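**Q** Chains E and D are the protein sequences, given in the same order.
Residues in the first sequence are numbered from 1 upward in steps of one, following full-length UniProt numbering.
Residues in the second sequence are numbered from 1 upward in steps of one, following full-length UniProt numbering.
Take the hints with a grain of salt, since some may be wrong.
Below are the PhoX-like pairs computed for lysine-lysine, each with C-alpha atoms no more than 25 Å apart in a straight line [to be verified]:
no. : chain 1 : residue 1 : chain 2 : residue 2
1   : D       : Lys94     : D       : Lys122
2   : D       : Lys361    : E       : Lys361
3   : D       : Lys145    : D       : Lys94
4   : E       : Lys361    : D       : Lys296
5   : D       : Lys252    : E       : Lys296
6   : D       : Lys361    : E       : Lys145
7   : E       : Lys272    : E       : Lys230
8   : E       : Lys94     : E       : Lys167
9   : D       : Lys329    : D       : Lys361
10  : D       : Lys252    : D       : Lys230
11  : E       : Lys361    : E       : Lys337
12  : E       : Lys252    : E       : Lys282
13  : E       : Lys361    : D       : Lys24
14  : D       : Lys272    : D       : Lys361
I should point out that these hints are in silico values taken from the structure, not numbers from a laboratory.
It should be emphasised that the depicted structure is a prediction, and the values quoted were computed from it without experimental measurement.
Chain by chain, the residues run as shown.
There are 2 protein chains.
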Amino acid sequence: MTTTTTTSSPLTLASVQQAHELIKPFIHLTPVLTSTYLNTLASTPQTPSALSNTEWSSRPPSSPVLRLHFKCENLQRIGAFKARGAFHAIARLKQSPDFDPSRGVVTHSSGNHAQALSLAAKTSQIPAYIVMPSISNPSKVAATKGYGAQITFSGPTAPEREAAAQKIISSTGATLIPPYDHPDIICGQGTAALELLSQVPVPLHAIITPCGGGGLLSGTALACSEIKTKVFGAEPSFEGADDGRRGYYAGKRVESVKSLTIGDGLRTPLGKIPWSIIYTRKLVDGMYSVTEDQIKAAMRLVYERLKLVVEPSAVVGLAVALYNEDFRKMVEEEAGKEGWDLGVVFSGGNVSLSALGDLLKE
Amino acid sequence: MTTTTTTSSPLTLASVQQAHELIKPFIHLTPVLTSTYLNTLASTPQTPSALSNTEWSSRPPSSPVLRLHFKCENLQRIGAFKARGAFHAIARLKQSPDFDPSRGVVTHSSGNHAQALSLAAKTSQIPAYIVMPSISNPSKVAATKGYGAQITFSGPTAPEREAAAQKIISSTGATLIPPYDHPDIICGQGTAALELLSQVPVPLHAIITPCGGGGLLSGTALACSEIKTKVFGAEPSFEGADDGRRGYYAGKRVESVKSLTIGDGLRTPLGKIPWSIIYTRKLVDGMYSVTEDQIKAAMRLVYERLKLVVEPSAVVGLAVALYNEDFRKMVEEEAGKEGWDLGVVFSGGNVSLSALGDLLKE
């Protein structure tokens with residue numbers, strides 16, 4: 001497949017900083033919010049019911065001190081951090097002498113990357129071809145069409161999507177912009193953490209982000225690679241969607257995942273390049289997972305207390321901070337009474353109103 | 001009734017600026033968001049269906065150019081701008097030599113002011129007594145209790161609530177902090193507009209805010225009283241909740257309202273002091289109203305496009321900008337092709353999840 005990997009960014013902090021300069025005119029500087037209530041809740045031992053499904057419910061609950069700083073990428077353009085990587089990939093492509101804009105760009109994505117690439121391509125008047133699984137979230141399909149992209153539906157597995165994309169490349173000559181396994185995408189996603197670090201008035205002890213294909217997590221790791229801020233990844237545990245965590249602790253990347261977790265942005269396996277940053281270079285300090293119920297509980301808290309619309313995938317980091325006893329015990333031990341200032345990235349807010357209504361009514 | 005009006009702020013821009021200095025340590029600097037989609041929608045002639053219930057559906061729809069800047073007071077502490085006025089009133093009281101903190105403060109409120117005063121009082125370790133109508137939004141009652149206030153339920157009318165408050169004053173010696181008809185409250189609420197003006201990189205042509213008792217609208221008018229920025233008020237029209245608009249154009253304040261509009265924060269009549277600023281001093285340039293369906297449509301857009309949880313009262317300003325032909329025609333005529341940068345204040349986000357689920361499922 002034709003990718004532009006040969007001319008793409010080296011995987012360093014400097015590349016993330018350069019990406020930020022390139023995309024600044026096109027993205028929102030999303031706000032960082034705090035909540036006294038959620039800080040208190042995170043710093044209170046959890047009840048056994050909130051921790052159900054963990055193996056730790058028999059020991060006394062931990063009592064970490066956490067001050068949470070929420071980076072609201074649900075308020076980003078197209079409603080997700082994916083705008084960052086897409087605008088960066090397009091900006092880099094346009095710098096390449098052998099790129100022919102009229103041939104367009106193509107990708108396969110379950111949703112947010114599709115919208116992001118469509119918007120970024122449209123902004124530069126480049127055609128966008130999007131391969132989406134036919135089971136995609138209807139609001140994401142509608143929004144992608146709204147940005148003027150040409151959509152092709154495919155089966156849900158990675159090989160099916162890749163084959164459909166390859167067919168488009170053969171007929172149009174479009175350049176493939178994969179959703180996460182690409183240096184320019186990774187460096188673009190890392191800009192959210194750069195901003196977060198500059199927006200919080202104190203140094204952050206750590207940042208936790210959702211991990212699907214790993215673009216956001218590995219970009220965040222690059223952004224923090226020359227400072228002391230630790231980086232953690234969060235995943236749903238449902239039907240094995242915690243492939244990143246399993247691979248990280250087994251020392252071998254899990255290459256295939258088939259989960260229908262409500263965190264629909266996190267159903268994909270961790271990509272090769274993200275893995276090289278997260279695991280091989282050890283730029284991520286730990287991976288944690290949460291149950292579907294814990295994701296729903298965190299979502300409700302974000303609606304009620306932070307007044308934000310978030311998609312289920314977005315809140316896995318908060319769910320880890322509130323409900324994962326491994327994580328909480330680790331913070332308690334590392335941070336002591338002083339506690340941690342923890343950056344928590346909300347990745348997106350693209351959820352259909354009817355799905356939202358169902359979730360909130362439960 | 002014992003109020004501290006004699007020692008309270010003069011109704012000037014300087015007082016709003018001083019209020020901001022006093023409350024800054026206690027409130028959030030809430031973000032200002034923009035949306036390309038909503039700018040395009042607001043700058044597109046509306047379909048007759050969106051404008052149904054207006055008397056203008058027979059003339060060609062107007063075509064104003066609007067760039068909207070949303071001041072997100074739903075992201076304020078306690079989920080509403082009311083935190084500003086309450087923290088200011090408490091700060092001013094504490095400066096008064098004859099204030100005895102142990103006697104506490106009392107108010108009557110349908111919800112957000114109750115939470116705000118409870119939080120501000122708790123922060124200064126002052127007892128808070130709250131009179132709430134028994135039909136109040138359950139999430140607001142629960143949150144108020146959560147801040148440690150003592151709640152007394154009353155009938156829904158103003159005289160019933162005032163009588164219940166008076167009884168508490170007689171027995172405790174608490175100081176009354178009314179929800180809007182008080183200079184310190186008004187100057188506190190005006191600080192949202194001060195921030196909005198400083199956060200937007202261009203001068204705002206106008207600001208529109210919801211209008212219930214008129215604290216936010218009149219405070220905004222004071223904040224803009226020495227600059228060219230125009231100020232507009234927005235109300236629901238349902239069952240006469242547009243008392244402010246009716247009074248403004250009739251030249252006489254409407255003293256009583258009995259509406260069950262979904263904009264539950266806007267069911268109260270415009271207060272005397274707000275009226276003196278809005279009408280007598282002509283610091284507000286116009287008042288507009290919208291239907292219940294237009295409020296719901298605006299709410300859905302805010303959920304889908306801005307990814308924010310807002311209560312129905314919060315979006316009446318946006319609904320006016322999108323759907324009120326009187327307003328849109330006026331903008332078209334005044335602004336021409338250059339258009340307006342319009343500040344739109346989202347007043348709050350306190351809506352129960354079940355009510356929200358119902359609204360979104362419709």
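**Q** Work down the list of hints and note, for each, if the structure agrees.
**A** Going through the hints against the structure:
no.: 1; hint: D:Lys94 to D:Lys122; result: 13 Å, holds
no.: 2; hint: D:Lys361 to E:Lys361; result: 10 Å, holds
no.: 3; hint: D:Lys145 to D:Lys94; result: 23 Å, holds
no.: 4; hint: E:Lys361 to D:Lys296; result: 18 Å, holds
no.: 5; hint: D:Lys252 to E:Lys296; result: 51 Å, violated
no.: 6; hint: D:Lys361 to E:Lys145; result: 23 Å, holds
no.: 7; hint: E:Lys272 to E:Lys230; result: 21 Å, holds
no.: 8; hint: E:Lys94 to E:Lys167; result: 23 Å, holds
no.: 9; hint: D:Lys329 to D:Lys361; result: 32 Å, violated
no.: 10; hint: D:Lys252 to D:Lys230; result: 22 Å, holds
no.: 11; hint: E:Lys361 to E:Lys337; result: 38 Å, violated
no.: 12; hint: E:Lys252 to E:Lys282; result: 13 Å, holds
no.: 13; hint: E:Lys361 to D:Lys24; result: 37 Å, violated
no.: 14; hint: D:Lys272 to D:Lys361; result: 39 Å, violated
The structure is inconsistent with the numbered hints 5, 9, 11, 13 and 14, although it conforms to all the rest.
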